[in-house]
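Student: Here is how the chains run, residue by residue.
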Amino acid sequence: MTSEPTVRLESVRRVYHAGGPDEVRALDGVSLTIAPGEYLSVEGPSGSGKTTLLNLLGLLDVPTEGRMLWRGTPVERLGERDRTRLRRTGIGFIFQRFYLLPTLTALENVALPLLAGGLPARERETRARMLLAQVGLADRERSFPHQLSGGEEQRVAIARALANGPQLLLADEPTGELDSTRAGQVLDLLEAAHRDTGAAVVVVTHNPTVASRADRHLVMRDGRVVSDTAGR
Amino acid sequence: MHWRNLRHRTAQTILAIAAIAVAVALPVVLLSVGGGVYSHELASVQDAGFSISVDSAADHGIADAHSLARQIDAISGVAAASPILSVAVVLFTANGTGIPVLAEGVIPTAFSATQSSAERALLPPSFTLGDPDDTIHFANGTYGGPASGQVLLSTPLLQTLNLSSGASATLSPTTNRSAGVGVTVVGSFGLPPGLLGPSALFVALMPLSQLQSLVGLGRSTTGALLDDADSVQVAVVPALAGNPAAVARITAEVQALVPYYSVTSLTQQTSEIRAAQAVITGFYVGLSSVGLVVSLLFLVIILMRRVEQERSAIGIQRAIGVPAWRVSRGLLLEAEALTLCGGLSGVAGGILVISLLARWGSPTVSEIAGLATYDPVTLAGLVLGLLLMGLVASLLPVRRALNLPLPEVLR
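From first to last, the protein sequence lines stand for chains A and B.
Position 83 (the first sequence) corresponds to 83 in my numbering; numbering is contiguous.
Position 23 (the second sequence) corresponds to 255 in my numbering; numbering is contiguous.
Everything labelled a hint here was simulated from the structure, so no lab data went into it.
Glycine is no exception: its CB is placed at the ideal position from the N, C-alpha and C atoms.
There may be inaccurate statements among the hints.
[As the list claims (entries may be wrong)] To spell it out: a stretch of chain B is covered by chain A in this simulated footprint if at least three of its residues, at any positions, have a beta carbon under 8 Å from a beta carbon of chain A; those stretches are:
no.	segment
1	435-443
2	542-549
[As the list claims (entries may be wrong)] Distance ranges between label pairs, derived from CB positions:
no.	chain 1	residue 1	chain 2	residue 2	range
3	B	R239	A	A121	13 to 23 Å
4	A	V24	B	R239	52 to 62 Å
5	A	E65	B	A556	49 to 59 Å
6	A	G184	B	N635	23 to 33 Å
7	B	N635	A	V24	17 to 27 Å
Let the hints inform the model, and build the full structure from the sequences given.
Tutor: Quick look at the structure:
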């Protein structure tokens with residue numbers, strides 16, 4: 001584990017429709033440091049800026065103002081191509097709606113980031129198979145998303161997020177569409193991934209049970225971090 | 233993956249392929265049939281037994297035809313010069329009523345020498361009409377020699393009149409039988425196939441001077457020599473027939489003889505046919521382009537719709553780091569697969585339509601469709617053009633896909 005923060009935000013603002021009558025300050029001066037191996041939950045009411053924060057952390061968006069460092073590299077200096085490469089090599093995404101590609105099998109969905117990374121076909125398949133086995137879906141590798149339950153889809157999404165050995169795992173309401181039993185399984189998997197890979201994990205949630213699994217808890221309101229506490 | 237995407241949206245895929253196929257089938261039909269018709273025309277000109285044609289603007293406007301033929305014959309390199317006169321007359325059988333026929337007055341030996349080998353094969357082996365060089369009756373322009381009175385009838389005419397060789401008949405310039413002359417049917421000849429069948433089914437071949445006398449084109453009422461014909465076909469010796477320079481030289485010499493007539497070589501006619509073909513092909517291509525452009529726009533709409541429907545799938549690929557070029561390639565391959573399938577279906581469909589027209593169309597349509605030729609270069613060019621079109625059609629959707637706002641798409 002290196003001492004360099006995985007991500008560091010310094011007075012970051014994200015403003016939509018800046019200067020217009022419908023200007024929205026989604027993030028308003030957020031400063032935050034995420035160390036390698038941290039497990040954070042981000043809570044807050046709708047519109048508090050949780051998803052915007054997640055998009056910035058995932059390099060899907062860029063700050064309007066302030067400074068953001070990804071493992072020491074200023075993000076504002078990166079072009080789209082570099083941010084794409086960093087997403088591919090350093091970040092895993094888990095979404096509430098899973099976002100599996102409907103025309104790909106479970107195995108192919110997991111292998112997709114590896115394909116983008118240029119790994120040879122045989123290695124891709126072996127690694128994807130191993131990841132599916134890790135999430136308990138070794139027997140469903142040929143299944144298409146529509147043939148899987150919601151819990152299974154989210155487990156495939158977790159396997160896909162882990163495919164390239166990310167340093168940061170971002171989960172946006174990962175159990176939002178699951179019943180409590182399956183939600184528990186998914187959270188167990190997420191915890192295991194955190195433990196096994198040493199990746200920092202950021203989970204955005206409304207659910208206190210999900211948040212309780214984290215070691216550090218952020219609470220956001222009106223685009224600001226109003227609380228940052230440690231402990232389970 | 234891309235094939236699965238195409239299968240995933242079956243209705244759109246089928247619609248896009250169908251639209252492209254219809255747009256492609258049109259040029260396939262037009263270019264293949266048009267090309268076939270022109271090739272046929274070109275072949276018939278190139279296969280003609282003569283190389284040069286002397287024509288006049290007026291009907292029966294070639295005067296002193298026998299004399300002119302002899303002068304042309306004397307030009308170095310000329311094999312034969314055949315004056316031809318075509319006049320509508322009425323043929324009366326011994327007991328029947330009159331039937332209109334096209335009488336062709338020819339000098340038998342010259343006529344035979346200026347026909348293609350295929351046309352010559354349609355004539356009887358001994359084609360003399362009793363006056364092989366048309367000198368006996370012509371008698372140096374006096375028209376005082378004995379007339380052989382022999383005629384050769386086209387096979388359809390012979391069969392319609394139920395005549396046989398040796399039968400007597402009367403040929404008259406009018407419907408008045410008494411104004412005619414008695415002739416003897418000495419045989420029949422087949423009709424060469426034209427583009428849409430022979431131009432006339434009922435034809436009678438007879439010595440030129442005898443037809444001239446019959447219709448008053450030998451000498452005028454005042455006794456002046458007319459010796460009129462419609463055209464003179466000139467064959468060059470076989471050794472020079474394929475030599476454009478030699479044909480041009482002979483054409484120029486003939487033209488010098490008769491500066492007031494139109495003298496054209498078949499080489500010129502070939503060039504004119506080729507020029508006409510280029511113009512009409514350009515027209516077909518222009519017409520087809522309209523269909524292809526419409527199908528291109530349709531393809532763009534289909535692909536744009538796909539991008540909208542697959543926003544999440546595209547967005548997640550971009551989010552997990554799939555490079556832009558790989559996302560672009562996916563759309564491009566889909567576009568190319570659609571255009572290729574549509575193009576091949578269109579080519580196959582066009583060929584099928586032509587085959588159906590050739591088999592089941594009306595006689596005229598069937599004959600035209602039967603002439604269709606399939607130029608592999610044209611068809612391959614069409615498919616390659618389509619692939620280029622697919623590339624162009626994918627540009628806008630690719631741009632749209634790459635500019636999808638990820639935070640919004642993945643919300």
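Student: For every hint, state whether the structure bears it out.
Tutor: Hint check:
Only residues whose beta carbon comes within less than 8 Å of a beta carbon in chain A count, and the segment 435-443 of chain B has 0; fewer than three means the coverage is violated. Coverage of a stretch by a chain is defined here by at least three residues with a beta carbon nearer than 8 Å to that chain's beta carbons; for the segment 542-549 of chain B and chain A the count is 5, and the condition holds. Take R239/B and A121/A: their Cβ atoms lie about 22 Å apart, and the range 13 to 23 Å holds. Evaluation of the 52 to 62 Å hint for V24/A and R239/B yields a failure: the beta carbon distance comes to about 41 Å.
Our hint of 49 to 59 Å for E65/A and A556/B is violated, since their Cβ atoms are close to 27 Å apart. Under the hint 23 to 33 Å, the C-beta atoms of G184/A and N635/B, about 40 Å apart, miss the expected range. Range check, N635/B to V24/A: Cβ separation about 21 Å, and the 17 to 27 Å hint holds.
Checked against the numbered hints given earlier, this structure breaks hints 1, 4, 5, 6; the rest are met.
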